[in-house]
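Trainee: Sequence:
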Amino acid sequence: MFRVVRRLPSNDVEWTDFDRVTPTARLTAQRSGRIEAGDVADEIGRVEAETRPRWVWDDTPRWYPRLLGAGVRVSRIVDLRLVHALLRSSSATEGSALHGAARGPWDTAQAATDDASALFELVPESLPDPVAEFLAQREAIEASPARAGLELLVAAESTGALVAVEMRRRGIPWSPIVHDAVLTELLGPRPGPGERPAHMRDDLDEIRVALGDPDVNPDSPVELRKALNRAGIPVTSTSKWQLSEHEHPVIEPLLRYKKRQRLLVANGWSWLDAWIRDGRFRPDYVPGGVVTGRWATSGGGALQLPKAVRRAVVADPGWKLVVADAAQLEPRILSGLARDAAMAKAGEGDLYEGIVRSGAVADRPQAKVAMLGAMYGATRGESGRLVPRLARAFPRAMAYVDAAAAVGEGGGVVSTLLGRSSPRPGAGVAPDVMPPEMPRADGDGASRAWGRFTRNFVVQGTAAEWALCWMAALRRRLYDTWGERGEAAPHLVLFLHDELVVHSPADVADLVAEQVRLAAVEAGELLFGPSPVRFPLTVAVVDDYGQAK
DNA sequence: CACTGATGCGCG
DNA sequence: AAAGCGCGCATCAGTG
Numbered sequence: 012m013f014r015v016v017r018r019l020p021s022n023d024v025e026w027t028d029f030d031r032v033t034p035t036a037r038l039t040a041q042r043s044g045r046i047e048a049g050d051v052a053d054e055i056g057r058v059e060a061e062t063r064p065r066w067v068w069d070d071t072p073r074w075y076p077r078l079l080g081a082g083v084r085v086s087r088i089v090d091l092r093l094v095h096a097l098l099r100s101s102s103a104t105e106g107s108a109l110h111g112a113a114r115g116p117w118d119t120a121q122a123a124t125d126d127a128s129a130l131f132e133l134v135p136e137s138l139p140d141p142v143a144e145f146l147a148q149r150e151a152i153e154a155s156p157a158r159a160g161l162e163l164l165v166a167a168e169s170t171g172a173l174v175a176v177e178m179r180r181r182g183i184p185w186s187p188i189v190h191d192a193v194l195t196e197l198l199g200p201r202p203g204p205g206e207r208p209a210h211m212r213d214d215l216d217e218i219r220v221a222l223g224d225p226d227v228n229p230d231s232p233v234e235l236r237k238a239l240n241r242a243g244i245p246v247t248s249t250s251k252w253q254l255s256e257h258e259h260p261v262i263e264p265l266l267r268y269k270k271r272q273r274l275l276v277a278n279g280w281s282w283l284d285a286w287i288r289d290g291r292f293r294p295d296y297v298p299g300g301v302v303t304g305r306w307a308t309s310g311g312g313a314l315q316l317p318k319a320v321r322r323a324v325v326a327d328p329g330w331k332l333v334v335a336d337a338a339q340l341e342p343r344i345l346s347g348l349a350r351d352a353a354m355a356k357a358g359e360g361d362l363y364e365g366i367v368r369s370g371a372v373a374d375r376p377q378a379k380v381a382m383l384g385a386m387y388g389a390t391r392g393e394s395g396r397l398v399p400r401l402a403r404a405f406p407r408a409m410a411y412v413d414a415a416a417a418v419g420e421g422g423g424v425v426s427t428l429l430g431r432s433s434p435r436p437g438a439g440v441a442p443d444v445m446p447p448e449m450p451r452a453d454g455d456g457a458s459r460a461w462g463r464f465t466r467n468f469v470v471q472g473t474a475a476e477w478a479l480c481w482m483a484a485l486r487r488r489l490y491d492t493w494g495e496r497g498e499a500a501p502h503l504v505l506f507l508h509d510e511l512v513v514h515s516p517a518d519v520a521d522l523v524a525e526q527v528r529l530a531a532v533e534a535g536e537l538l539f540g541p542s543p544v545r546f547p548l549t550v551a552v553v554d555d556y557g558q559a560k
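Positions in the first sequence are counted from 1; adding 11 to them yields the working numbering.
I should point out that these hints are in silico values taken from the structure, not numbers from a laboratory. Remember, predicted model here, so these are calculated numbers, not experimental data. Ideal placement from N, C-alpha and C gives every residue a C-beta, glycine not left out. Check the hints yourself; a few may be wrong.
[Stated by the list, open to error] Cross-link-like lysine-lysine pairs, in silico, DSSO-like; alpha carbons within 30 Å at most:
| # | residue 1 | residue 2 |
| --- | --- | --- |
| 1 | Lys-237 | Lys-269 |
| 2 | Lys-356 | Lys-237 |
| 3 | Lys-318 | Lys-379 |
| 4 | Lys-269 | Lys-560 |
| 5 | Lys-560 | Lys-318 |
| 6 | Lys-379 | Lys-237 |
| 7 | Lys-356 | Lys-379 |
| 8 | Lys-269 | Lys-251 |
| 9 | Lys-251 | Lys-356 |
| 10 | Lys-318 | Lys-269 |
| 11 | Lys-379 | Lys-269 |
| 12 | Lys-560 | Lys-379 |
| 13 | Lys-251 | Lys-237 |
| 14 | Lys-356 | Lys-270 |
| 15 | Lys-560 | Lys-251 |
| 16 | Lys-237 | Lys-270 |
| 17 | Lys-270 | Lys-318 |
| 18 | Lys-560 | Lys-237 |
| 19 | Lys-270 | Lys-251 |
[To be verified] Label pairs and their calculated CB-CB ranges:
| # | residue 1 | residue 2 | range |
| --- | --- | --- | --- |
| 20 | Arg-57 | Pro-204 | 49 to 55 Å |
| 21 | Pro-204 | Arg-396 | 50 to 56 Å |
| 22 | Pro-541 | Asp-361 | 20 to 26 Å |
| 23 | Asp-289 | Ala-319 | 19 to 25 Å |
Make a model of the complete structure from these sequences and hints.
Mentor: Encoded structure:
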């Protein structure tokens, strides 16, 4: 049963139930009712406990923080805003009213608020009708030839929205003491305002001596490049990889300085002051924030935590972190997409070792660089040279990504396994690439760049779908097994594309690790059914995130 | 002063 | 200055 909820201007909530009588029957409204503003959380909690409907609402950040604050967790929802975005652009909904609909209120990002106290006090703007939108979405899904995939995708995307709010509510356990110790070790003690940390002052002295320039400011790329050129180092940019190609006394201290400057600026003491409260880091996750379906974050850079500061993610006393990483996820996804039996066989154990054993390449590093080259569309360098050898060993996999690239080069749309479609070139939300021009002979025009994007889209996007299913399956398993423990139950605290971290009471951490593995098996079956492709994990039960891997 | 784009680097 | 995808963020550099 679906229960569509809608907040009225009075802040009362109106609900309407839709039952699915048979898989093919049109949904019809069965019952409806109204909840007074003050009873919303209690009533939703009561209905959830009794019938566990699939709640349908406009935008999860507008509903769920307040519910969680009142102790109400829900199992299943449809997030109309996220699903609208999926269905509107999906090739699998062609012919439906939703497909290619004009941009409207469902396409404009809602004012995301996590301020639970303000949520229901907001004067609702003239919100679009959630019942009409829900019916349009159901119609698009049920008429689609790719219905099964869309149903799964819609459920996974929506559950991701729940997890994002839940993770932000719990926060990542963070030790400011350890973080400060890391910074002090790498940079020196916390400096006064406007001062450089001690180790960076030492680096700077060395840089200035080596360049014979007592005033050079390495924070200014333009100034630095000129100073380097004056010292006889012919760099055209100040990027670290170009610097490291030259022999000169300035290079080593300069690279050290840049590394430290990066840490200071991105995750230094001011980051600590801004983002850590009461021993928790609460980033603002943005499900579906990336065109491929990956999550993004806004503020805090939670998906780019440097390895060096991960030691500061410390489990509470009596708790552990269960850190799980899907090994070589994207190439495994490709072997599933392409139904490449030879590649699936190579992936029975470590995929890259398997590729070596197949005879395609000489060693594991070569296997890795060749595989990445195949998925990203490398044409030059070592990677580009190795790709053809991979293509001989795994022709089906290679044909799959080559076909996706060809579609993109021709200005077409590609889709993931479950039905998320790539943007049309030049659609605006697209990556920073110009739309393809007429195919040209110069070998690397904009159309080639777009082809590399669509080549990668099918793999990255399907990997994101696997990861959402993995996370959703784990969420359900954690709740089913330990849900009655309430706040003391193991809970997800981080989701990093192909990696999950669960904060767990120590006594059940090993059982959590087992559930993480079972959830990965479940995700593989959801996407690929009976298939030889495997999705092995590396799982570590640790006290701090720095100990994992 | 505010704004925008480029640069460089952290992550997957 | 990447070769080869997807991001966020701080800072600099240039413009209005």
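Trainee: Each hint: holds or not?
Mentor: These are the hints, each one checked on the structure:
1. With a C-alpha separation of about 17 Å, the suggested pairing of Lys-237 with Lys-269 holds against the 30 Å cut-off.
2. A C-alpha spacing of about 53 Å is found between Lys-356 and Lys-237, which places the hinted pair above 30 Å, so the restraint is violated.
3. Restraint check: the Cα-Cα separation between Lys-318 and Lys-379 comes to about 21 Å, which is no more than 30 Å; the hinted pair holds.
4. Taken as a hint, the Lys-269 and Lys-560 pair is honoured in the structure, with Cα atoms around 25 Å apart against an allowance of 30 Å.
5. A distance of roughly 10 Å separates the Cα atoms of Lys-560 and Lys-318; the hinted pair therefore holds under the 30 Å criterion.
6. Of the pairs offered as hints, the one joining Lys-379 and Lys-237 is violated, with about 37 Å between alpha carbons and a cut-off of 30 Å exceeded.
7. Straight-line distance between C-alpha atoms of Lys-356 and Lys-379 comes to about 16 Å, which keeps the hinted pair within the 30 Å bound.
8. Under the criterion of a C-alpha separation no larger than 30 Å, the hint pairing Lys-269 with Lys-251 is consistent with the structure, at around 8 Å.
9. Using a Cα cut-off of 30 Å, the hinted pair Lys-251 and Lys-356 is violated, with the two alpha carbons roughly 39 Å apart.
10. As the CA atoms of Lys-318 and Lys-269 are separated by approximately 16 Å, the hinted pair is consistent with the 30 Å bound.
11. Of the supplied pair hints, the one linking Lys-379 and Lys-269 holds, its CA atoms being roughly 28 Å apart against a limit of 30 Å.
12. Taking the CA atoms of Lys-560 and Lys-379, the gap is near 18 Å; set against the 30 Å cutoff, the hint holds.
13. Between the alpha carbons of Lys-251 and Lys-237 the distance comes to roughly 16 Å, so the proposed pair stays at or under 30 Å and holds.
14. For the hint linking Lys-356 to Lys-270, the alpha-carbon distance of about 41 Å lies beyond 30 Å, and the restraint is violated.
15. With a C-alpha separation of about 25 Å, the suggested pairing of Lys-560 with Lys-251 holds against the 30 Å cut-off.
16. For the proposed pair Lys-237 and Lys-270, the alpha carbon gap of about 20 Å is at most 30 Å, so the pair holds.
17. Restraint check for Lys-270 and Lys-318: satisfied, since their Cα atoms lie roughly 13 Å apart, inside the 30 Å limit.
18. A C-alpha spacing of about 40 Å is found between Lys-560 and Lys-237, which places the hinted pair above 30 Å, so the restraint is violated.
19. For the suggested pair Lys-270 and Lys-251, the alpha carbons sit about 9 Å apart, so the restraint of at most 30 Å is met.
20. Take Arg-57 and Pro-204: their Cβ atoms lie about 53 Å apart, and the range 49 to 55 Å holds.
21. For Pro-204 and Arg-396, the Cβ-Cβ distance of about 52 Å falls inside the hinted range of 50 to 56 Å, so the restraint holds.
22. Look at Pro-541 against Asp-361: about 23 Å separates their beta carbons, and that is inside 20 to 26 Å.
23. Between Asp-289 and Ala-319 the beta carbons are some 23 Å apart, a value that agrees with the proposed interval 19 to 25 Å.
Violated hints, in rising order: 2, 6, 9, 14, 18; the structure is consistent with all others.
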